[in-house]
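> Those protein sequences? They're chains A and B, same order as listed. Using our numbering, you'd call the opening residue of the first sequence number 1 and step up by one each time. Using our numbering, you'd call the opening residue of the second sequence number 525 and step up by one each time.
All clues given are correct.
Among the chain B residues that face chain A by a calculated CB cut under 8 angstroms, a handful are: (1) S536; (2) G540; (3) V562; (4) T564; (5) L579; (6) E582; (7) G706; (8) R771.
Calculated from the structure, these hints are not laboratory results. None of these values were measured; they are calculated from a predicted model. Heads up, the beta-carbon is just placed ideally off N, CA and C, and yes, glycines get one too.
Given next are the chains, with one letter for each unit.
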Amino acid sequence: MSLDNDDDNPSLAPPSITTSSGSPSHPHPHLPTNAAAAAAVAAADDLTPEDLIEDEGAASQDFRAFAASLSLSQQKQQQQYRKTPGVSAQTIRKGEKDFESHGTRAQADALEQSRGAMREVLGYTRVHPAPAAREGASAARACNNNRGWYFPAWWEGYREGGEVGVGGGNVDGGGFGVGEEGKEGKERRPFGFVRERVVVLEGSSVASQALGRAVTGQAKERPARGKDWLLPEEALYLVERGSLDLWWPLKALGEIFPLDRTAAAVTEGGEEAGEYDLGFPLSLQAAYALLIGNDGERGKISLQKFQVYSNLKRCGYNVLRAPPTRKQPTPASSRPATTTLWQWFGSLLSTAPNHPPYGPLVQPGLYRNYASIYRQLALLPRHKPSPSPSSSTPTEPFTIHYHIWKSAQKWTKLRHPPPDFYLAVVDAQQSSVPTLSEIAPLLGATPPAPGRPEWTGPGRLYARLKHGYRNVLVAVVDHGVINYMRFAGGGGGPMLHKLLSIEEAGRPDAGAGYCDERRNLGDG
Amino acid sequence: MAASAERQVRISRVAGRYLVFDIDDVLYIRRHHGICAVLTGTMPQNPTQNLFLSLPVELQAEEAQLLVDKGAGYIADELNDHLLRLSTMNDSTRSAYLQHIKQQRRNAQRVFEEEKAKVQARHQNKRKANRPASPSSAATTTEPAPATVTEDGDSLFDTPKPTPPPPSLTSTLKEKELPLPGVTPTTSYPILPAITSPASPASIASTNATTPSFYPLYKYLNSRGYYTTPGLRFGGDYSVYPGDPFRYHAHYLANSYGWDEEVAMLDLVTSGRLGTAVKKSFLFGAEKPGGPQQSGGGDGAGGVRVFCIEWAGM
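Could you build the full structure based on these sequences and the hints that come with them?
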């Protein structure tokens, strides 16, 4: 994960983490057949199904082991502020558990130790390195790369240019001072969600390589030009992991980011200008209070969505908000004429013969192959997946909220390939299994994703089926516990697949008959 | 217990969700009220893993309700409290808060210094061991050690101040020489009032509105000393533990039904099988209509009846 330059062990990098917070399913929302995920699979293979079944995640954490791994040689006092580098996933193991209480003191002691260790580990206070003191700069003006300011109303009136995103060059190239009307010839940037951005970063830190966005095309007199602005989930995630020092401003933005550097020196003249004149640091609690809100509130994010976001970020994925859905110009004609496997299947079976109202399904006659017999046996017309999505728009909560990329070197926040996964976030208590009218637009909002070419042939039918023609991930959140499921539209009919659950991951290929049956269920 | 019974847990309501930020509160409800709930935050010491998570703890609505009913906690609307306090902060709270932060920064600074001194000492010991002592090297090595000691002495002298005095001129000057590390405290304790006045029935009433229908079953299990976690992992309403989940495996996978609700036989079979497959038995229960008032015996059961189903696998 590119964010980590100091405190993390490379062995903790994305693929090696095999259990998400307590879900028996796998945090990696992709199939194990992916070559890139070979490492992940290897790691997952260490876990027996038994492990996965008994994995009770957050509830079964033994903080004693974790505390021990964190504090090999530290005293209690230090542990409150100090982090130890190089804790590998191997050392974080869960402890042994008992079946029930047998009233012994040993058991009570073990429990008390666990609680004590939890107290120690969670009693940590996030510390940010002291700002580099520069000559002639007061403490308040010292460049503090970790600091971010909460300005919720700054972009309230901003209108995002067009549907595609604002025109403009790269981050620094926006010195036009004209406004953001589309300039032709400029590269298209991803949708910015500028109105939602509420925290401005003071300097460019490692974090801003993957998070935040500078709003280009601003007038020169606007303060804080070229600074990175964070979305609420990005800011809160950074605060949580101890990479951002969020401050509450007491002054206006223009005073905190003076237009010319000399102004800083002038105000600094007031000797006793304390470092808290401009504002003061906020706590984690305050950050939650200010950044978590209900769905649809500007500049906030719902707790469920934030939990999913940070869960994925901890796994090392790159996550961005999905741009608002827009009507796609149906590019049906522009589609290349190559027929995919599914289309071929479809064409094979869609020429349904007319059945007489009575009599045998298979007309008596001479047959030289099975295909013509099967064709007559097919009573229901098979759905043919079409590359152009359905016209209806998805409804909450079954809309795509996040685009997800596997971690890659060349991924940047402005330039990235099409996402690897599309994700919707739903609450376990407030929603039920989506109906066809909910899931069809959801699937329609994802681009067609025909399976891999190597999945052809009868042996890989299950892989094809699982992948579907389009697929979308749904994260189900139950009070902090997250489960990822994959809904795949196989041949167009939606089907439910719990992603990589034990049964499915371990189930032998059930054969064509079984799979066909499943697909037919989804038809029509 | 008597002292701890007076403890009032601050349950932060943020956008309809219930969070606890204070580690002491978390341990308190875990010890005394059988509520472990779910840790949801990123662990700052080790932020790229999902196995061990950190504060805040997210409570289920029924857990928050139970704490309020027991008089062990109160619900605070975190956004309103913060906005109100942050925008109209008087000088005394502000300086108290800043002093609190400064104290933590000094502590952190001290820890870092101590560590640095220790590392230096170790380094020098190694060098000393490698090289037979020559007079010049001995002079250089002994020199830094007393310096760090005096610094330690300074900061140690600073910390025991019981009540934070108003920041004096000298102290601010001293800090300018040595830039302190910044801190992000977990709770905004000095800003917020210690306990909201008991006259906050509005917030409590609004929890009642959102209490899910399985509150009676939850309360019943809790009163029997069972711990529960959200049941999503095993496909029920709750996973039920015979004690603190730190020590024990879950025994049951629980679902709540209405008293007269028809339960599909297939549901029972499904859940029974599922529970058995993960070595838990499937527990389901319901509250008799008008339960606690009519049949509320001293056992705290109210009118709740529960049953267990296991897959016979014949």
